[in-house]
Structures are given as C-alpha cells and as structure tokens.
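Heads up: the sequence lines are chains P and S, in that order.
Residue numbers are given in my numbering: position 80 of the first sequence equals residue 80, and the series is strictly consecutive.
Whatever position you read off the second sequence (first residue = 1), add 1000 for my numbering.
Keep in mind the hints are simulated off the structure, nothing from the lab.
Keep in mind the model is a prediction, meaning the values are calculated, not measured.
Heads up, a few of these hints could be off.
[Unchecked claim] 30 angstroms max Cα-Cα, derived BS3-like pairs, lysine-lysine:
no., chain 1, residue 1, chain 2, residue 2
1, P, K276, P, K106
2, S, K1136, S, K1226
3, S, K1006, P, K106
4, P, K207, S, K1006
5, P, K54, S, K1136
6, P, K276, P, K207
[Unchecked claim] Selected chain P positions facing chain S (in silico; Cβ < 7 angstroms):
no., residue
7, T19
8, E21
9, V48
Even for Gly, the Cβ is constructed at its ideal location relative to N, Cα and C.
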Amino acid sequence: MSTEIAARVKNEEWKASLTSESALVRWALIVAALGYLTLFLFIPLAAVFTEALKNGLEGYFASFTDPDALAAIRLTFLAASLAVPLNLMFGVAAAWAIAKFEFVGKQILITLIDIPLAVSPVISGLIYVLLFGAQGWVGPWLAEHDIKIIFALPGIVLATTFVTVPFIARELIPLMQSQGREEEEAALTLGASGWQTFTRVTLPNIKWSLLYGVILCNARAMGEFGAVSVVSGHIRGLTNTLPLHVEILYNEYNAVGAFAVASLLTLLAIVTLIAKTMIERKTASSRTAHDPIWSTQPGSPP
Amino acid sequence: MALVLKQPSVLPGFGLTLGFALFYFSLIVLIPLSGLVVKTTTLSWEQFWHTVSEPRAIASYQLTFGASFLGALINGFFGSVVAWVLVRYRFPGRSIVDALVDLPFALPTAVAGIALTAIYSSNGWIGRYLEPLGLKVAFTPLGVLVALTFIGLPFVVRTVQPVLQDLDMEVEEAATTLGANRWQTFRAVIVPELWPALLTGMAMAFARSVGEYGSVIFIAGNMPLKSEITPLLIMTKLEQYDYAGATALGVVMLVVSFLLALTINLIQWWSSRRHTAR
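Start from the sequences and build out the full structure, keeping to the hints where you can.
If you want it as structure tokens, here you go:
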C-alpha cells in the first residue's frame, strides 16, 4: 500500500518536473517580475506615504484643516454621490437588457459602452466645453438664463459621469450573461412579479459584482483628473476636487500638503483593490460550492 | 415578419431597461461626442490641416505615440513575466502582489504623476542613482515613458494571466515526453497560445497610454516640441480659448482611439475564431 502511494507521489513529481523550469530560471523570473513591480508599483506607493509624513503626523493632519482642502473633499464626495447612482442605474438597466434578451445590435451596444474608456480624459472634458462653454452650442442660451455648467458643479458632475459610465455595466454584463435566465423564468412562472423576480432572484446572484462595480466606479469618480481639470476652471475652494487640489498644492511647492491629500486618494485605491480581492474570493468559493450541482444538471450553463 | 428584431421572452422590462440605457448613454456619451465631430465640420480644411500638421503638433504625436509604443513593448515583456510568475510559481506575498498589479487602474492619475516625479527627480529615491549615470528621467521625454509604462502595467498581466491559467498542462507534458526541452516547449507550445492575449494586452496598454494626461504632465516637463504630449497640447489650446485648434487635435485623437479600439476587437475576434476552428 505504502509503496503504491510512494510510486504515485514519485509519478506526480516526475510529471511536475516535466512542466517546470530549473530552479535558476525560476528564481531569475521571480526576481525580474518583482524587480519590475518594485520599480513601477511598490516604490511609488511607498513614496506617497513617506512624502506625506515628511513633517510628521502633525504636518500630515494639518494639511486637512485647510478650508480649501475641506472644500475639495466636500466637492469630490458631492460629485461622486451624483455620478455613481446615475451610472448604477445605467449599469443595471443595460446589463438586464443585454444579458436577459436577444436583440439585433446587442454586440454593437456592448462595444459602445466601452467608448468612455477608449477616449482621452482631456477629450471627455473638451466635448462638454464645446457644448456648454461660452463659445459652445448652448453656451449663449445658458449665459442668458444665468445657468453655469462649465467651471461649475454641473460640468464636474457631467465629466465625472462620462468617464465612469462603463464600470458597473462592465462588471454586470459578463456575469449576468453567464448566469442565463432560467432562474428568472422559473420565478415568473411561479407567480412572482417582474420587480420581485429582480430583487429576490437576480439581485442576490449579482450582489458581489454589483458591489465591486460601485466601489470601482466610486474610486474612479473621486480620482478623475484630466476630464474634470478641463471643465472645472480650478477655482480654489469652489470648483476644486481632491485630485485638482493635489495639483495646485504640488505646483505651489507644498509637497507635504500635496502628498497628504494624495495619500487619501491612495487609501481609497487600496480599499478598492482589497474589495476586489475579497469579492473575487467570495464569488470563486461560492462558484465551487455550486459546481457539483451545476455539473450534474444536463443542459445547464457551463 | 421577415426581420426579427428581438426574440420573444417571458421576462419583463426589456423596453424599459433598453430604452433607459440607450437614452442615458446617448445623453451622456453619444450626443456630446458627436458634438465634437460636428464642430470639426465648421472648420475649414486649411484651418484644420494647419492645426494638426504644425511642427508643435507633429512633435507631440511623435512623443505620445513613440512613448506609448515603447511603454507597451516594455509592458509586453515584463507583463508576461509577471503573469507567468503569478500563475506558475508560489512565493511569499504572491496574493498581495497579484492584487497590487491593478493599482495603476485604481490610483488617480494625478497621484501617480506626483509620486513618480518625486522618485525620479534628481534628488528622488531612484533619480539620485540615475543622475550620476547621465540619465535624467523627470522633466524629460524619458519621464513620459516612465509614466506611460506605469499606466499600462495592468493590461498585459491581466490579459495573459487567465490564458496561462487555463493552459492544459497535459499538452506541455506531451511535448516533453516527445523529447522537447523546456525552451522548445515554451517556444512551440506555450507562446502560440499566449500570443493573441499578449497582443490584446499590449494594444490596450498602448490605447490607454495615448490618451493619458494626469500622470504624464507632472513628470514630463511639458516643453513644447520636446516633452509635450498631445493631450496637453489640447489643454493648452483650450486655456488660450483656441477652441477650433483644440477641436481639430481632439478629433485626431478620437479617430486614433477608435482605430485602436477596432484593432483590439479584431485581435479578439481573430483569436476566438482561431480557438473555435480547432
């Protein structure tokens, strides 16, 4: 018995040795990969916090008591709190239509949703300046009625919304497509209303991806720089978001202040990455838990 | 009815959700974008051509596309190595490294810009060792390359990684038992499988880098004709209220973005066709 196990172990080892590199190559590759990531990821990440804490904790926290910084934090939260729910509604609606129905032009719609990711952030801002700016299409009309969009909150919200449109939809569409529509159809035949079907059947199935989509969308909304920079006009205390405030402080040679504000945004990015990792683990484990059931049902989605 | 626009389904809400999605997307994305194209048609051809072909614009294209291309190449090589190491090897901290690969995607570009500038300037952590070697990174075109390499880092890793994960080990085992050494197996068995994903990742990194603004402007130095990227030139024209010039350059960038998006779709279509053909 034990010799049989030993033989099997040996066989496994032999098989592994067939598809593995020598220790030297292995270590060289690991060192190359980590060296590259250290140069481009780990050191920049460490630099943000080191520079922010250069004058100690006191100097660090002093950067946030500045009224302009507080105004920037408020504006950033306000813009994100408007852009994220709008894109959440769009993401859920688009994913429902695309994943649960077959219609002409579906593939084109999926490709179109990615447009804001392909366009330079500067252009994302430029298009709104061309529409609503003083020389824009509706600019004169807006000026007549004393409505400010460019260099004001509406412009910032619009530019932020534009660049973050795809994020929630992109998380939901592939997931909902792979889940198919059998469960929803079953709920409907059992007498559930459309809304009940969505909240009791669909929502529990997509909640983790939905959550990650919202977190990512929020992080990108709060961190958007290029597009917001074009439409904001950089009025201190009025139309400055956190990333723009970082730029102003940095250009004024207030490195500690700039990096202190930047560290807030970095923490937001790290929280986003942690959420991504946790949610990926969660969905992966729930998928394997379901796997035996799926695989025994003939005709079930892969 | 000859043409079936939508297949029948018992599920409700098709009209409502598709209608809302199309309405919202048109309002936020399609109509403003087409405004840019319409605005271009109000320019005369000479005016348009003069703006997009002046030396300052040409220099900015060279820098933007050149640095983006080099960055995509660097990421193509090292991104594949990172993906390989993450999938095939186990080492302490692997899962943290794996999670951090997405950092350039989540970190605001302005933060990346000032962090990279701080490290690569002449008294920075890395810059101080490069300066004696005669390498100035911050405030030179080399700085643009550093920023664009950072920005494009996740793409190749994240496109190659799943393909490596799904690669069937038995094929490699077979290659070895048939007498191939490891390098031959890598060249003849693994690389052909990775190729489409690698190309996709590099094209995505390139596309993202071409439009990048935030992380570059801090480290570039922004000297016209030398270290000025095209998105910054658009920004400069806007600040001078030269809307026509900004629009002309914006359309050039937009066309390039669409061509790149088309290329990426073609690569993906080609690779999926190759897979189903087998």
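Evaluation of the provided hints:
A hinted pair counts as satisfied when its Cα atoms are at most 30 angstroms apart, and K276 (chain P) with K106 (chain P) qualifies at roughly 28 angstroms. The hinted pair formed by K1136 (chain S) and K1226 (chain S) meets the criterion: a straight-line CA distance of about 14 angstroms does not exceed 30 angstroms. About 10 angstroms separates the Cα atoms of K1006 (chain S) and K106 (chain P), which keeps this hinted pair within 30 angstroms; it holds. Straight-line distance between C-alpha atoms of K207 (chain P) and K1006 (chain S) comes to about 28 angstroms, which keeps the hinted pair within the 30 angstroms bound.
Annotation: proposed proximity of K54 (chain P) to K1136 (chain S) holds, straight-line Cα distance about 25 angstroms (limit 30 angstroms). Taken as a hint, the K276 (chain P) and K207 (chain P) pair is honoured in the structure, with Cα atoms around 13 angstroms apart against an allowance of 30 angstroms. The closest approach between the C-beta of T19 (chain P) and any C-beta of chain S is roughly 4 angstroms, which is under the 7 angstroms cut-off, so the hint is satisfied. This hint holds: E21 (chain P) has a C-beta 6 angstroms from the nearest C-beta of chain S, less than the 7 angstroms allowed.
At a threshold of 7 angstroms, the smallest CB-CB gap from V48 (chain P) to chain S is about 5 angstroms, leaving the interface hint in force.
Comparing the model with each earlier hint shows no violations; every hint is respected.
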